[in-house]
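Engineer: Sequence:
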Amino acid sequence: LEHEKSEVYNFSKNPKDTNPPIDLGFAPYTSSLPLCPKQYWQYLGFYFDQQLKFHEHVRYWSTKALLVTYAMRLLGNSVCGLPPHHKRTLYHTCIIPLATYGYRLWYFANAKCSKNLKTLQKLQ
66 LEHEKSEVYN FSKNPKDTNP PIDLGFAPYT SSLPLCPKQY WQYLGFYFDQ
116 QLKFHEHVRY WSTKALLVTY AMRLLGNSVC GLPPHHKRTL YHTCIIPLAT
166 YGYRLWYFAN AKCSKNLKTL QKLQ
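Residue numbers (our numbering): 66 to 189.
Keep in mind the hints are simulated off the structure, nothing from the lab. For glycine and all other residues, C-beta sits at the position ideal for the given N, C-alpha and C. Accuracy of the hints is not assured; some may be wrong.
Unchecked claim - Calculated pairs, DSS-like style, for lysine-lysine (alpha carbon to alpha carbon, straight line, at most 30 Å):
| # | residue 1 | residue 2 |
| --- | --- | --- |
| 1 | Lys78 | Lys183 |
| 2 | Lys152 | Lys129 |
| 3 | Lys152 | Lys183 |
| 4 | Lys78 | Lys103 |
| 5 | Lys118 | Lys129 |
| 6 | Lys183 | Lys103 |
| 7 | Lys183 | Lys118 |
| 8 | Lys129 | Lys183 |
| 9 | Lys81 | Lys152 |
| 10 | Lys78 | Lys118 |
| 11 | Lys118 | Lys81 |
| 12 | Lys118 | Lys103 |
| 13 | Lys78 | Lys129 |
| 14 | Lys103 | Lys81 |
| 15 | Lys103 | Lys129 |
Stated by the list, open to error - DEER-style ranges, computed between Cβ atoms:
| # | residue 1 | residue 2 | range |
| --- | --- | --- | --- |
| 16 | Pro99 | His150 | 15 to 25 Å |
| 17 | Pro85 | Arg138 | 42 to 52 Å |
| 18 | Gln116 | Leu140 | 15 to 25 Å |
| 19 | Leu147 | Lys81 | 42 to 52 Å |
Please work from the sequences and hints to get the whole structure.
Structural biologist: Below, the structure written as structure tokens:
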């Protein structure tokens with residue numbers, strides 16, 4: 066169990082719960098420092114927080130999609146460059162998949178995710 070490769074994360078419904086560090090004791094590959102939990106946990110491109118609200122996940126992927134949108138502006142304007150129907154195709158194939166990556170994980174019926182949806186509406 067190597068200290069650099071170990072991750073600890075506690076999930077809790079109570080937002081006031083803290084994530085205390087865990088002392089693993091002495092082992093050949095662990096350091097003397099306790100193992101501190103992270104604020105966000107990343108697994109397969111999904112960002113989990115302690116209350117499973119996915120605000121960090123939506124923030125990360127919407128920022129990435131916005132950067133691609135800004136880069137797409139360099140491809141042309143209304144006078145010269147890429148025609149509008151090609152830009153539309155790029156939007157549907159490059160930006161929408163980035164912005165909606167993992168939405169089935171955090172968006173479901175009766176979910177309180179209005180903040181996440183407002184973040185995604187900036188892309189339109």
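Engineer: Are the hints correct? Go through all of them and say.
Structural biologist: Against the structure, the hints come out as follows:
Under the criterion of a C-alpha separation no larger than 30 Å, the hint pairing lysine 78 with lysine 183 is consistent with the structure, at around 23 Å. With a C-alpha separation of about 18 Å, the suggested pairing of lysine 152 with lysine 129 holds against the 30 Å cut-off. For the hint pairing lysine 152 with lysine 183, the CA-to-CA distance comes to about 24 Å; that is within 30 Å, so the pair holds. Proximity of lysine 78 to lysine 103 is assessed by CA-CA distance (about 17 Å); at most 30 Å being required, the pair is judged to hold.
Only pairs whose Cα atoms come within 30 Å are accepted, and lysine 118 paired with lysine 129 is accepted, the gap being roughly 19 Å. As the CA atoms of lysine 183 and lysine 103 are separated by approximately 26 Å, the hinted pair is consistent with the 30 Å bound. A C-alpha spacing of about 14 Å is found between lysine 183 and lysine 118, which places the hinted pair at or below 30 Å, so the restraint holds. Between lysine 129 and lysine 183 the CA atoms are separated by roughly 16 Å; this keeps the pair inside 30 Å, and the hint holds.
Straight-line distance between C-alpha atoms of lysine 81 and lysine 152 comes to about 46 Å, which puts the hinted pair past the 30 Å bound. Pair hint lysine 78 plus lysine 118 holds up; C-alpha atoms about 10 Å apart against a cutoff of 30 Å. Among the hinted pairs, lysine 118 with lysine 81 is consistent with the structure: their alpha-carbon atoms are about 14 Å apart, no more than 30 Å. In summary, the hint linking lysine 118 to lysine 103 is supported, as the alpha carbons are separated by about 15 Å, within the 30 Å threshold.
For the given pair, lysine 78 sits about 29 Å from lysine 129 by alpha-carbon distance, which is consistent with the 30 Å threshold. Using a Cα cut-off of 30 Å, the hinted pair lysine 103 and lysine 81 holds, with the two alpha carbons roughly 16 Å apart. A hinted pair counts as satisfied when its Cα atoms are at most 30 Å apart, and lysine 103 with lysine 129 qualifies at roughly 22 Å. Checking the proposed 15 to 25 Å range against proline 99 and histidine 150 shows it is violated: the Cβ atoms sit about 57 Å from each other.
A beta carbon spacing of about 47 Å between proline 85 and arginine 138 agrees with the range 42 to 52 Å that was offered as a hint. Separated by about 40 Å at the C-beta atoms, glutamine 116 and leucine 140 break the suggested range of 15 to 25 Å. For leucine 147 and lysine 81, the hinted distance range of 42 to 52 Å is satisfied, since their beta carbons lie about 51 Å from each other.
Hints 9, 16, 18 from the list above are not met by this structure, while the remaining hints are.
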